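Number of protein chains: 2
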Amino acid sequence: MEEQADFPKEITRMSVDFDRWYTDVVRKAELADYSPVRGCMVIRPYGFAIWEAIQRAFDDMIKSSGHENWYFPLLIPEDVIMREAEHIEGFTPEVAWVTEAGSHGKLDQRLAIRPTSETIVGTVMRKYIQSWRDLPQLTNQWCNVIRWELRTRLFLRTAEFLWQEGHTFHASADEARAEVDLILDYYRQIAEDWLALPVLTGTKSRAETFAGAEYSKSIEAMMRDGYALQAGTSHYLGQNFSRAYEIAFTNRENVRELCHTTSWGISTRMVGGVIMGHGDDRGLILPPKVAPIQVVVVPIYRDDESRARVDAFIETWEAGVRGMGVRLHVDRRDDRPGDKFNHWELKGVPLRLEVGPRDVEARQVTLSDRLHPGRDEKRTLPAMALAEDLPHELARFQRELLQRARDFMAENTFEVQTLAELVEHFKTRNGFVWAPWCGDPACEARVTEETRGVTTRNFDLDAAAEGACLVDGKPAKHRVAFARPY
Amino acid sequence: MEEQADFPKEITRMSVDFDRWYTDVVRKAELADYSPVRGCMVIRPYGFAIWEAIQRAFDDMIKSSGHENWYFPLLIPEDVIMREAEHIEGFTPEVAWVTEAGSHGKLDQRLAIRPTSETIVGTVMRKYIQSWRDLPQLTNQWCNVIRWELRTRLFLRTAEFLWQEGHTFHASADEARAEVDLILDYYRQIAEDWLALPVLTGTKSRAETFAGAEYSKSIEAMMRDGYALQAGTSHYLGQNFSRAYEIAFTNRENVRELCHTTSWGISTRMVGGVIMGHGDDRGLILPPKVAPIQVVVVPIYRDDESRARVDAFIETWEAGVRGMGVRLHVDRRDDRPGDKFNHWELKGVPLRLEVGPRDVEARQVTLSDRLHPGRDEKRTLPAMALAEDLPHELARFQRELLQRARDFMAENTFEVQTLAELVEHFKTRNGFVWAPWCGDPACEARVTEETRGVTTRNFDLDAAAEGACLVDGKPAKHRVAFARPY
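These protein sequences, in sequence, are chains A and B. For the first sequence, the tail end lands on 486 under the numbering used here, and the numbers increase by one without skipping. For the second sequence, the tail end lands on 1486 under the numbering used here, and the numbers increase by one without skipping.
One should not assume that every hint holds.
No more than 30 Å apart at the CA atoms, straight line, and that leaves these computed lysine-lysine pairs for DSS-like [as the list claims (entries may be wrong)]:
1) A:LYS63 to B:LYS1289
2) A:LYS28 to B:LYS1127
3) B:LYS1028 to B:LYS1378
4) A:LYS378 to A:LYS427
5) A:LYS127 to B:LYS1340
6) A:LYS127 to B:LYS1009
7) A:LYS127 to B:LYS1378
8) A:LYS63 to B:LYS1028
9) A:LYS9 to A:LYS63
10) A:LYS378 to A:LYS9
11) B:LYS1127 to A:LYS9
12) B:LYS1106 to A:LYS340
13) B:LYS1063 to A:LYS340
14) B:LYS1289 to B:LYS1028
15) B:LYS1063 to A:LYS28
16) B:LYS1378 to B:LYS1340
Rather than coming from a laboratory, the hints here were simulated on the basis of the structure. Model, not experiment: these values are computed from the prediction.
Same shape as in the complex, but just chain A (with noise of 0.2 Å):
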């Protein structure tokens, strides 16, 4: 169907090249760059309406179920961070140090940029925290995290990148428990949604849990080139952090005991997840509810009199769909029409108007589709009716994306019994592969060596596990997911 289409020059073709297609459309699509600070980006504000697409709608769930905001610093000392020991034996690797400061010169201690912040959160939220009427503590902070990298990748991989951090302290583990799975489920609705990314949910093998935490969960999604993306987590800490960190109530009975407490997190990561999850050939697929802009306009003339009949003419409608709350740019450029397409095409709009004489005519839009630019009948749509139809137009867009993602996700869903087989699968393609596995943290190491970077993703929360471990034939324990992680 696209075979006879004019692809935009400025990208490499996604089927030729997936890495240097996602550089090319983050920079062309004018997302986010590299910045003269080694390994930390800049976002730009077609990349960064995204981003706020998406705070205000995590923002709006957790608030609705009683979490709140806070700020908490950005420096942590070393003795803080130092107390949980897997914690910082994590992430140590990754901590950028202040040492001096201005006209104070040297440090008396080193000051960690948090790579996370579930020590100096814990250290501030014991003093609030003394009986069980206290609890549960259900904070979170939206803010920039450092973790020093050296292969970085625009939005999936930074030194400096930007998240919510939620921390909740608890006077049960199964409220604590709980609380992973609730915004897990919020993860997956943000993901499904919102981004019209389908996702696997479910528990992590303790290679891949965070460090620190008694397990972790996760939402994995699809990405075009069949790898996967882990897009959020949420981990049940246990009471390690409370243990190292001294965050202890008084429960009804009137004894001490240490809070259970979780952290989660979800980054600027989940923009990359957008624009490999469903991009093209062509750039971009952006979903409706995070577009910056979700209709673009092209009006088509020939000379200044038929320009400014198409312009009256659009003037009649176009604060009507506004005020239906829809996301709508006139292109008014002196470009040509042509340009004007793989420009927002590149961009990722939904839903493209044209707009020329003939059509003012006929009191009259022709619609067409980012998801089918191929398609061979243009439809029209009559202007009177545009308020109304246009908003509907975008669901169904967000729909077909979401199915389109879904079917993507099916079909590179697999299933193997033996690490050769899963092997072979892996040389030739990539996708969600699933297996069954004893739970040895070795089988599992054996797997990411053989493949060269396959690893376990999630556990499958719906079906027991069956049959025997893929590596060592012992009984499998779980039944897993592997795929290439981003």
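Based on these hints, arrange chain B on the given structure of chain A.
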């Protein structure tokens, strides 16, 4: 009127010790707290919600005039931050430096944690600015910054704070100057229309100008102790930064020119302004537009039976009031009503509704007002009209609070002609004191020395200078406001 009142015991009375009152209120009203990190604060949900309201209001304003949110890196390489000499001279004493990173050890070059981002924004933006067609660029970011301060004060002066920083790039000086004024007016609107704080707007003296700017304008609010709070600043940077960072464009005549740039910011300091600009001996008084809780309901009952009736009655109108967008909280804790009254007065909730069995019978609530806690006759409102009445009551409260602050500012604004008068004035009281000034920094410094800390705030934009300089008697260039600043 308040003599008989039972003041909260948790806080020092404002009239006894303003500084201790401030710290007590910030902590006991659960706005913010000191953290284990020297000079850094923890912003608690009740304080953070005020900041979120300010953010939302200002973000809407700037987006409506075409400004866009970006995100720029936290870390700035030393060679980048060092290029504008005056700027870096102003900021180096306060810069925190990252010198080591995890397993990578010592870095080749120190990285500054941004104290403000002119340098990195300029370095990034010059890539996106080629011709006059790319201008103006109206960028903004919401972020954290660090300025190493030893003498800190919650919200007002902390090593880390949150703010927005705007950075704009224009083809002409006139356009950039107009931008400075547009933003200054937005700041005035935030202060007056949202925070009920009247402000002086004007240009600052050279000594008070931002390091690297041609001129700075500010809004100055008066606190209840008569001190001035610089609550927002808007700077015209001329071509200083575009020269240092080579931010040039090709104009319509095809000639290369340097951009004219601006920068401007408001921060969490504004929350401190709300506290000190409105509070009283009982604690906070919050403007309804930014109050996390606008109306608190205190049920009053003798026994379980009357409690059930009161609760059922509240439920008949609670949802309707919320449906009007009123931020309502029903305090169902088991504490005594008197304790609840003190608690919510301390937290500055504008309106309180008491609901007892007699109110239930009369289908009414009893209204108290945080501005008039001692008002003899409490008013009653019919329950069936609450959804309609409360928004009006909140609007009335907002107006009265602004008027109270305007009256206070008028009562505490003075005019002097000589240094002797000015010194005499500040021996016994504070406030804004207008005086004629020749513009010589030596005269300005002399005032500060003789008064131990009084500085110029800003120039009168409306009135020309008349008469002789208060210090050296030379012809006055400015009518300038003097005050003790925070």
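So, going through the hints one by one against the coordinates:
no.	hint	verdict
1	A:LYS63 to B:LYS1289	19 Å, holds
2	A:LYS28 to B:LYS1127	13 Å, holds
3	B:LYS1028 to B:LYS1378	27 Å, holds
4	A:LYS378 to A:LYS427	41 Å, violated
5	A:LYS127 to B:LYS1340	23 Å, holds
6	A:LYS127 to B:LYS1009	21 Å, holds
7	A:LYS127 to B:LYS1378	39 Å, violated
8	A:LYS63 to B:LYS1028	23 Å, holds
9	A:LYS9 to A:LYS63	45 Å, violated
10	A:LYS378 to A:LYS9	24 Å, holds
11	B:LYS1127 to A:LYS9	21 Å, holds
12	B:LYS1106 to A:LYS340	48 Å, violated
13	B:LYS1063 to A:LYS340	24 Å, holds
14	B:LYS1289 to B:LYS1028	22 Å, holds
15	B:LYS1063 to A:LYS28	23 Å, holds
16	B:LYS1378 to B:LYS1340	17 Å, holds
In this structure, the earlier hints numbered 4, 7, 9, 12 are contradicted, and the remaining ones agree with it.
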